[in-house]
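Given these sequences and hints, build the entire structure.
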Amino acid sequence: MSVIVLFLAVIAIIAGWWLSQQRLMAKPWLDVGSIGETPAWGGSSVPAAKVGLGVFLAVAGCLFALLVSAYFMRIDIATTSGATTTGTVLRTMPVPGLLWLNTAVLVVSSVALQCAQIAARHGQRDAVRDGLLLGGVSALVFLAGQLLVWRQLVDAGYFAASNPGNAFFYLFTGVHGLHVTGGIVALGKTFGKVRSGVAIERLRLSVWLCTAYWHFLLLVWLVIFAVLTGWADDFIVICRTLVI
Amino acid sequence: MAEVVADTVGSIGPAEVAEVELYHATSWLTKYVFCQDAKVIAIQYSVTAMAIGLVALVLSWLMRLQLAFPGTFSLIQSENYYQFITMHGMIMVIYLLTALFLGGFGNYLIPLMLGARDMAFPYVNMLSYWVYLLAVLVLVASFFAPGGPTGAGWTLYPPQAILSGTPGHEWGIILMLASLILFIIGFTMGGLNYVVTVLQCRTRGMTLMRMPLTVWGIFTATVMALLAFPALFVGCVMMLLDRLLGTSFFMPSIVQLGQQLSYSGGSPILFQHLFWFFGHPEVYIVALPAFGIVSDLISTHARKNIFGYRMMVWAIVGIGALSFVVWAHHMYISGMDPYFGFFFATTTLIIAVPTAIKVYNWVLTLWRGNIHLTVPMLFALGFIVTFVNGGLTGLFLGNVVVDVPLSATLFVVAHFHMVMGVAPIFVVFGGIYHWYPKVTGRMLDETLGKIHFWVTFLGAYAIFFPMHYLGLLGVPRRYYELGATAFIPPSAASLNVFITVAALIVGAAQLVFLFNLIWSLSKGRAPGGNPWGATTLEWQTPQTPPGHGNWGKELPVVYRWAYDYSVPGTERDFVPQNQPASAPTA
Ligand code: HEM
Ligand SMILES: [Cu+2]
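Chains as they are written, first to last, in the numbering used here: chain A, 403 to 646; chain B, 381 to 966.
Source of the hints: derived by calculation from the structure; they are not laboratory data. Quick caveat: nothing in here was measured; it's all calculated off a predicted structure. Don't take each hint at face value.
Covered stretches of chain B, going by a simulated chain A footprint (3 or more residues, C-beta under 8 Å) [unchecked claim]:
1. 649 to 662
2. 685 to 692
3. 699 to 712
From the three backbone atoms N, C-alpha and C, an ideal C-beta is built for every residue, glycine too.
Right under this line is the structure:
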């Protein structure tokens with residue numbers, strides 16, 4: 403559970419920093435405002451949707467951190483109960499080369515959305531449309547690629563039920579894929595609005611939200627990829643020394 | 381004068397929400413059914429939660445009947461008992477209390493108390509309710525599924541939860557897991573709203589430190605729930621895969637009836653970690669809103685400012701943070717490393733400090749207050765008593781050595797019913813008696829309310845206090861019947877009969893409450909907008925019940941904290957939050 407505890411510690415630090423800006427030491431019973439002297443509002447000027455996305459990303463991040471936690475704990479238990487080296491019990495499955503391609507496609511998707519967002523800031527309608535289109539299509543390609551990976555693995559006889567490591571692989575990729583799907587729906591809506599000629603200033607926020615979400619999905623994918631292929635093993639070792 | 385206000389203030393926060401920004405119901409269907417108004421959603425949440433809670437109440441009667449008169453009811457076989465216990469526990473904790481406090485009270489009170497027109501994302505908020513309703517329906521469906529609902533216990537521990545020896549392993553467990561997954565998705569939608577509304581939609585002058593403690597409690601609980609529910613989500617998804625696809629996340633190699641099952645290598649302990657990583661914070665997800673609401677009830681009905689407001693806020697936040705690092709105290713008997721146990725026992729006992737501070741502050745608020753023994757106040761007092769009682773037994777159970785023999789006895793059942801069953805339910809009742817006049821424009825009947833309180837309070841004690849003794853004797857929990865056991869004296873059986881009679885009486889008292897809710901809707905006294913003389917914004921709305929958009933043309937401006945009761949030199953014994961200092965106090 404050290405991964406999730408670390409993740410929450412980061413959230414706690416952010417929350418603590420925010421709280422420290424909120425004059426928690428104020429003595430509210432002493433300060434009474436009078437007419438004309440308007441008390442500060444205390445909210446931030448960030449649009450509610452951005453804050454909402456931030457909170458949602460914290461929740462989704464929590465979800466993935468828990469999955470990774472479970473994976474490491476599972477390895478831990480397998481290791482202590484007989485098998486010798488970290489991870490070998492779980493990672494009997496080869497890493498399909500296609501995953502590299504998919505990763506590249508997801509990077510392209512993120513970059514395209516970043517371009518769209520920059521274009522939105524400068525009010526370039528066509529560039530926004532192209533960026534969103536490229537981002538959306540490449541995300542769809544990514545999903546198709548992931549499904550193909552599943553296909554290849556199943557054909558090669560690596561079923562979810564045959565080994566906990568395989569099961570984790572399908573679980574991780576599946577949950578991540580669902581999040582990508584949700585993103586594509588939101589992206590599709592924004593794209594529809596661009597097409598139907600809604601003023602670009604009014605879409606800036608939506609494009610920003612999509613882009614931020616895409617970067618998050620990319621980051622999550624990179625972490626998952628590293629964990630599944632075992633590059634994160636050093637990290638486990640560090641964690642273990644930290645915990646004990 | 382109003383001119384001045386609008387002027388100075390324009391740059392700080394918007395005073396008016398343009399009409400176009402507000403959601404407008406266009407038909408009967410969107411006004412009462414698919415409504416995006418947080419007040420309607422709150423009522424939908426509350427009614428659904430109470431309806432399903434009634435099912436859980438009936439299940440508790442059936443369990444008690446079985447425990448008092450084992451073998452008398454052919455309807456209650458041992459499998460049924462486990463199904464009842466599971467559904468009772470799960471419904472009470474999640475579908476009733478969590479949904480009612482956050483979805484019900486949260487939706488109604490957050491926008492009103494903060495001077496907002498609605499939640500930040502009304503559409504998502506509406507979806508949240510409908511997903512919740514779907515979750516409830518899926519849960520109810522499991523009663524009618526072949527094999528009945530799951531009997532795995534509300535903790536759903538694998539491997540037994542999905543093995544064929546457990547009742548409901550065919551459909552019950554699948555529906556239960558699916559329902560929980562839906563609940564979590566629905567809750568996340570609502571939770572985003574509550575958090576963002578508190579962060580971004582406060583009216584001018586409503587700094588964090590001027591928020592009523594109710595909002596603080598609900599806000600912190602929501603943040604906790606958003607971070608804790610994913611653990612249950614992950615656990616449920618993984619178990620569902622184990623059950624449906626035959627993966628082995630949680631399932632070790634098992635030989636059942638001489639048959640080697642196809643599972644291998646999974647870890648049941650992993651589930652326990654995930655479950656309790658959610659499960660312990662869940663206790664506080666239910667408790668923190670209760671803490672907040674009870675603070676406001678006590679302050680209002682004792683006509684006195686809350687003692688140590690800042691400490692109350694810090695304690696709420698501190699408890700919220702700490703409760704994420706104590707989960708393993710539910711796993712003392714799972715064979716964990718003793719040093720782990722020591723760590724978690726320590727963190728558990730540390731939480732007692734902010735919790736005790738809160739209790740002292742409530743008592744000090746009452747001290748020399750002008751206590752009105754209204755029904756909400758009675759329930760608030762009942763809460764303090766039962767909560768302290770349950771908290772003390774919690775200190776016993778937090779210690780590894782004491783917990784090991786008491787774990788899995790009725791002592792634990794008594795403990796958690798006191799602290800997270802009865803105590804928060806009292807706050808729910810207190811809250812309903814308190815805010816009903818705002819929601820409906822009518823008072824609940826006072827006499828019926830007092831009957832409801834006294835029977836419930838004394839009855840709950842009669843039910844759960846003796847259970848401590850049964851637990852100390854070693855009577856195990858989750859047992860269908862005790863049979864002839866050497867260490868359990870026959871008097872335990874008579875005590876069980878007594879408890880059951882008390883439980884049935886308490887159950888009947890809830891029907892009185894239900895009657896009161898419905899009867900008062902049309903027959904109750906109409907008391908006006910602010911019957912309790914309360915300071916918080918929801919009592920200052922131009923209409924009662926508050927109209928669409930909550931406020932008139934202009935949002936209220938907040939000039940003071942929420943607890944200016946009995947301020948010397950003022951005419952009335954309360955000063956509303958939106959009354960400026962220099963205005964004449966009339
Ligand atoms: C009149 C009210 C209630 C009565 C008579 C009652 C009775 C019972 C009984 C007899 C059991 C089974 C004990 C055993 O054999 O182990 C039980 C379990 C339980 N109850 Fe209640 N209960 C009531 C209210 C509540 C409330 C309000 C909650 C909300 C938190 C709650 C939560 C639970 C939980 C979580 C369990 C454990 C289920 C399990 O072991 O899986 N109960 N209750
Ligand atoms: Cu706990």
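Do the hints match the structure? See the list:
no. : hint       : result
1   : 649 to 662 : holds (count 5)
2   : 685 to 692 : holds (count 3)
3   : 699 to 712 : holds (count 3)
Violated hints are absent here; each numbered hint is respected by the structure.
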